[in-house]
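Asks: Chain residues, written in single-letter form:
There are 2 protein chains.
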Amino acid sequence: MSNKLKALFEPKSIALIGASSKEFSIGNVIIKNLIHYKYKGPIYPVNPKEDKIRGLKAYKSILDIPGEVELVHIVIPPPYVPQEVENCGLKGVKAIIINTAGFKEMGEEGLALEIDFLARAKKYNIRIFGPNCQGIINSDPDLQAYCNFTFTYFKPGSISIVAQSGGVGAIIMQVLHDMGIGMRLYASNGNASDISIPEIIRFYGDDEKTKVIILYIESLSDTKEFMDVATEVAAKKPILAISAGRTEKGAAASKSHTGGLAGGITMELIFQKAGILSFSNLEEICHAAVAFSSQPIPKGKNVGMITNTGGPAIIATDELVSGGMSLPPLSKTAIRNLKVTMLDAASINNPLDVVATAGASHFKSAIEIMMKEEQIDSIYLTFVTPPFVDCVSVAKEISAISQMQKKPIVCNYITDKKNWKETTAILDEGGIPCFDYPETAAKALVALSKYNDLRTREKGTVIRFENNKGGVDKAKAKIIFAAAKNANKEVLSASEVYQILEAYNIPIARWAVADSVEDAVTKAEAIGYPVVIKADSENIIHKSDVGGVFVNITNSEDAKNVAQLMKSKFNYPDLKFFIQECLNDRLELIIGVKAEEGLGHLIMFGMGGIMVEVYKDVVFKIAPLTDVDTKDMLQNIKSAVLLNDFRGKRGINKEGVMEILQRISALVTDFPEIKELDLNPIFANTKRVCAVDARIII
Amino acid sequence: MSNKLKALFEPKSIALIGASSKEFSIGNVIIKNLIHYKYKGPIYPVNPKEDKIRGLKAYKSILDIPGEVELVHIVIPPPYVPQEVENCGLKGVKAIIINTAGFKEMGEEGLALEIDFLARAKKYNIRIFGPNCQGIINSDPDLQAYCNFTFTYFKPGSISIVAQSGGVGAIIMQVLHDMGIGMRLYASNGNASDISIPEIIRFYGDDEKTKVIILYIESLSDTKEFMDVATEVAAKKPILAISAGRTEKGAAASKSHTGGLAGGITMELIFQKAGILSFSNLEEICHAAVAFSSQPIPKGKNVGMITNTGGPAIIATDELVSGGMSLPPLSKTAIRNLKVTMLDAASINNPLDVVATAGASHFKSAIEIMMKEEQIDSIYLTFVTPPFVDCVSVAKEISAISQMQKKPIVCNYITDKKNWKETTAILDEGGIPCFDYPETAAKALVALSKYNDLRTREKGTVIRFENNKGGVDKAKAKIIFAAAKNANKEVLSASEVYQILEAYNIPIARWAVADSVEDAVTKAEAIGYPVVIKADSENIIHKSDVGGVFVNITNSEDAKNVAQLMKSKFNYPDLKFFIQECLNDRLELIIGVKAEEGLGHLIMFGMGGIMVEVYKDVVFKIAPLTDVDTKDMLQNIKSAVLLNDFRGKRGINKEGVMEILQRISALVTDFPEIKELDLNPIFANTKRVCAVDARIII
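Taken in order, these protein sequences are the chains called A and B. Each residue of the first sequence is one higher than the one before, counting from 243 in the working numbering. Each residue of the second sequence is one higher than the one before, counting from 243 in the working numbering.
Calculated from the structure, these hints are not laboratory results. Take the hints with a grain of salt, since some may be wrong.
Note: identical chains are not told apart, hence a pair may lie in one copy or across any two.
[As the list claims (entries may be wrong)] Simulated pairs of lysine-lysine, BS3-like, Cα-Cα distance not exceeding 27 Å:
(1) K818 with K543
(2) K264 with K802
(3) K274 with K659
(4) K891 with K858
(5) K254 with K294
(6) K264 with K663
Here the structure is a predicted model, which is why all the values come from computation and not from measurement.
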């Protein structure tokens, strides 16, 4: 497969079907770009009516071209595309970029054309990129292929970009280019009728000169393919990704709670599971890429800050601390050494203020001493260029130390680059990631550190509850699901739900239904006090409102009285007593599951009751859950402190909650037909954890 | 006063004491800057050892200068400064910028020097700017005074900047300058020994050519002065402000809850109260200033979006919606007209995708139609420059419409500015605020809209509870406070607290202390069931743990039994029964007060119990509270829905809660000696609201 992408990304020759002499036309712009970027192979404009285009000989047809053609751009109107793909096949072309728009995105007619050209491409073993796309760029100095109608002629670098939206791709390229950063490969594949984003990611993963990948994605067509490829590539090199549409998605209606809350976060969970570093802001992803492209990954969260101005360092500290990083105190040795090497006015501390009058020797010593500090993992630098300081020399020292690549450095560089050209060039050549604002510099460093967390994270293991081991009876659950399916049920009945949960040994509050007052007392005794008694009849809709619910019944006498009272009050022939154990001193939790097309299940955990309603205090993970996942889930709700001893209240049995999560994970993995599942509420105290109500939709 | 600042900001002549020929020195850089920026008045270098500095005649002393000197820079070491201030006085100088550092920030010796030069300045009626500061810049074409050692030679514009930190000021200047934005006045006054930030704000407020003010501030020396001036100026023109130190401040320890939660947000509350638009990010404040400097203020939150590329528009929509804005549907007329004027492939909607091939006529029509839409208050534009489109013509149309200043436009402009120079220049001249990222463009528009909210906000009125009217008995409270002060009390006793609350007619839960079992029953009956009974003795520390608290006692028999049980269990001679009414179906709220030096009191309102512990679900306002403030407070907690009917539970008496807030506001306004006050918990149901526990520290 990837040798076909080789023809796309490393074409030895390029033809353009629809080349044009008209200045404002795509067929002209691509030829112009190929020439301007100094493409190393032959360029063949194809146009039946022209002899020369932009000084190059033009051919009537692709078939008239004398030499071999590896890659072709097609920019002619949709109806003519299939025949030209056929001609490309006859010519032995390996890959085609169809820039033309107007295929499946425009309705049935377009879709038919798309199906047509795809079939022809397949016949000749040609890979299609697009249609309705920009194309690719490869900056390799041996190739310099600008197969694209965009405008950013970037220099070679180690960042490769794949963007589902060409507009977003254009922003990323241009911003990095404006920052003086080189890039390696670029791809924006529009409709993605054949070559997919995961294939491109795999190609970038295999490309040795790609050090970091930027991904912009709006939707996934094959979640599993994406997950597999991304997981594999992310293990080799950093993938930084950003998605969009969070508010639209957030608004998407869903029947259930879990569904409603899951909306906007699915993509982020996928990124997380695959080991991709996720961003929510284009600037942050671009800036992070700059840092990743030149700096080593820090081993921890401790930052040493060096500054020659006060305010920006305060702002940076705020941002670093908000991002989970720390500024540890300096060692006694470091302080002793700094007292010798720094100016008198310097503030020897972390942040270390070398003051505005500090020169090259002060910066050199400050950075060297920070680099030697064992407890410091990275260096944050604020460098304003005072006109009364020899900043060129300062820059030289910073660059020299940085190039040893011991610990990452990021820099909030404050200057007029047009007047401080030499200083700026030295920092650029030294590969120092320089940012205009303290916040953006700090965020780039936070991103490096978060990638370290991601890279070194323990994934944990999924506990397998074998059949009939650990109390799991898959066969029993299978029969129930099969029966429900046969009956065309979507919502399982309470008894089906409880039986399934019992088969997976998921604890539910003890309950029973009694026919008579005497039976109620007997069953309440069997369950054990305290109990709740509810009047159960089809004629009673809002039990609580009509006095049909009594909680916290602690003895048989009260149970009898309550049942008798209900009997006289609700004199319906179908009256039954629903008796359930009443857990005191309990915390109300919720676990939910929602199936995501092509992805499997999202599992949600959180505080129940009004906490989930009001504060959305829940976390999601993708099934199957590992032991580390379940631990994370309990730790990552905002109200995690409530699970422990808190303000005189005893903590809950967290192991029990985690086990339920594991068992639910096993259940939904065994039965992919589960669409939604809710355990709500779950009551937990120091000892017991059990679901009080549950619901399954298939 | 302000004519003295006139000498600072509009000096007719400038001398520099400590001018130097040494390249890397402040005394050289300032002369260089004045020359480079083409200062229109005479420049007098002062240096006893030099005849010429940078081609200008140098003087041995300020007293040797033949002409009048309005403004002087002093850059010599601290010990020589007082004498030179004296000489300036003799010379008739009106204002001095002391750039030199090493005064009060370096300890006692420095402080003594600072006191010395200030006394001399006062004697001669000289205003001092600094010390330990950068200076000022005035870009007025008639003056061009660069009295500063920084490096950003900005062009004239309408943004004026005042920055407590010179480093942050340098970033703001440079970033705006890099964006091609002009500025008007700049000031960074370091130690601020004399001329204060509020004075500078007032000067900017009076300066006709200043259209928008950017303020960076770390701390306030005179909160009242700041509040008064800022409120006055913010009513005339937008003040955009940013503070720093949020995480440090957040960590500041405080005895009480309220104090702990108030930490980081005081400055934001001050900004809010003064009508200043608050930012938490340097980039956002700079970008907002760009939009404010050229665009009108939108009248509402509805945006019309026009784009020629998809992805960035999605990202922008996310950001606008997150910022509280909406993209309303287009009118039928607009849709009909657009169907005629747009390309076939265009997506006629809001966002309106004119598609990449759209030219000048399409953009023109799109913007004109959006401008005419009554329900649209502002225009968001995404404009990528396709090389196959005549972008110069597009830019001309955009600029022409924008200059009519009907509704604000912001633009996410995606291009290579070096190659699209003409297009870029046209947009610049048209005053279109252009941003590289969709998020930043959207945020700038959100800021314009938030300013509209701020500008049109209702401030409301403070309800005055006159003595003995509305149940307020200030005289009674005065006696209690006086007695407590006489007794050197810091923490008032429960009975003092309750009496004060009663004097201000703040409802507290009915309570009583009973001596005997019989008395307990009598008092419980008087209070009315249900009640809580607590065993009250110095020997019982953790009442709940030892079974000393019984809640929800509903009748006299139970009350008697409970009291008897307690009596036999806790057989202490001092045993009493604390009886308090028990409010069922209640919501637990909290109101807190914390005094802030120089500012008055912060009042906090929020959900009580674990909500305040875990979710910090509280809002703060500065006293005195208006009726609008109290309404805002109830609306702005995250769990505001719980105050209304919610999931079958009845809402609470919100008027009652607001009245308590008003009365607490009156109380702390009447008694500034109150340091902290907590009503925690307050129980509220549909009818009643009352405090169950309270605490006052003076």
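Asks: Each hint needs a verdict: does it hold in this structure or not?
Replies: Checked hints:
1. K818 with K543: For K818 and K543, the Cα distance exceeds 27 Å both inside one copy (61 Å) and across copies (56 Å).
2. K264 with K802: neither (93 Å within a copy, 100 Å between copies)
3. K274 with K659: between (31 Å within a copy, 18 Å between copies)
4. K891 with K858: both (23 Å within a copy, 19 Å between copies)
5. K254 with K294: within (21 Å within a copy, 66 Å between copies)
6. K264 with K663: between (39 Å within a copy, 21 Å between copies)
When the structure is compared with the earlier hints, violations turn up for hints 1 and 2 and for no others.
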